[in-house]
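Engineer: Chains A and B, in that order, give the protein sequences. Each residue of the first sequence is one higher than the last, beginning at 4 in this note's numbering. Each residue of the second sequence is one higher than the last, beginning at 242 in this note's numbering.
These are calculated hints, taken from the structure and not from any lab test. Check each hint, because a few of them may be wrong.
[Unchecked claim] Quick list of in silico lysine-lysine cross-link-like pairs, DSSO-like style, CA-CA up to 27 Å:
id : chain 1 : residue 1 : chain 2 : residue 2
1  : B       : Lys248    : A       : Lys70
2  : A       : Lys59     : A       : Lys45
3  : A       : Lys45     : B       : Lys306
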Amino acid sequence: QKEVEQNSGPLSVPEGAIASLNCTYSDRGSQSFFWYRQYSGKSPELIMFIYSNGDKEDGRFTAQLNKASQYVSLLIRDSQPSDSATYLCAVRLEASGSARQLTFGSGTQLTVLP
Amino acid sequence: SAVISQKPSRDICQRGTSLTIQCQVDSQVTMMFWYRQQPGQSLTLIATANQGSEATYESGFVIDKFPISRPNLTFSTLTVSNMSPEDSSIYLCSVGQGVNYGYTFGSGTRLTVV
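Construct all of the structure, not just a fragment, from the sequences and the given hints.
Structural biologist: Written as structure tokens, this is what we have:
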């Protein structure tokens, strides 16, 4: 079983709709969760991170975390064509002696249709 | 967040040669990592660059192939040694500044081995 799993997509939504991106993780000890956006040919760009159960909102983006279900999601409201990119979910396991590196999912390719 | 300068941005190299990639950060950071992203794939951690000591390598990556230096808290290098076409990939430097911050990526080095 992969440590971090995402639906590879591609996911297409019309402009103005809500895009929902999902991620599950296998290690119950995982503490922090990150969403990155990566445009083709560019490096990943941090959108937001979350470490407490519940929702965290930043502009049009909302991250949702449910540790009991080992599930984290990213909602993009009022999707724009400029949101078309690959979205990467990453997980950090914080343990004594750990270097706190991130483990990435395979990414979900999102296309927002004008 | 930290600003990272990664060089070179791209290179085409002959098989059997070596390439050294540099990562310079504009502030002192506690954590520095090197990732590889093969075409169409997600990010795979190569190693954690430790300041003043040997890097910590992930399974499947060895120091002889990917020697890493980190002489201080703002600079690191990754060398890809004795290159083969299978090493063609994007190599990314990433830094972290603490548990309440996300991780930032450099712009990446696109390596092609011919």
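Engineer: If a hint holds in the structure, say so; if it does not, say that too.
Structural biologist: Status of each hint after checking the structure:
1. B/Lys248 to A/Lys70: violated (39 Å)
2. A/Lys59 to A/Lys45: holds (26 Å)
3. A/Lys45 to B/Lys306: holds (25 Å)
Of the numbered hints listed earlier, the single one contradicted by the structure is hint 1.
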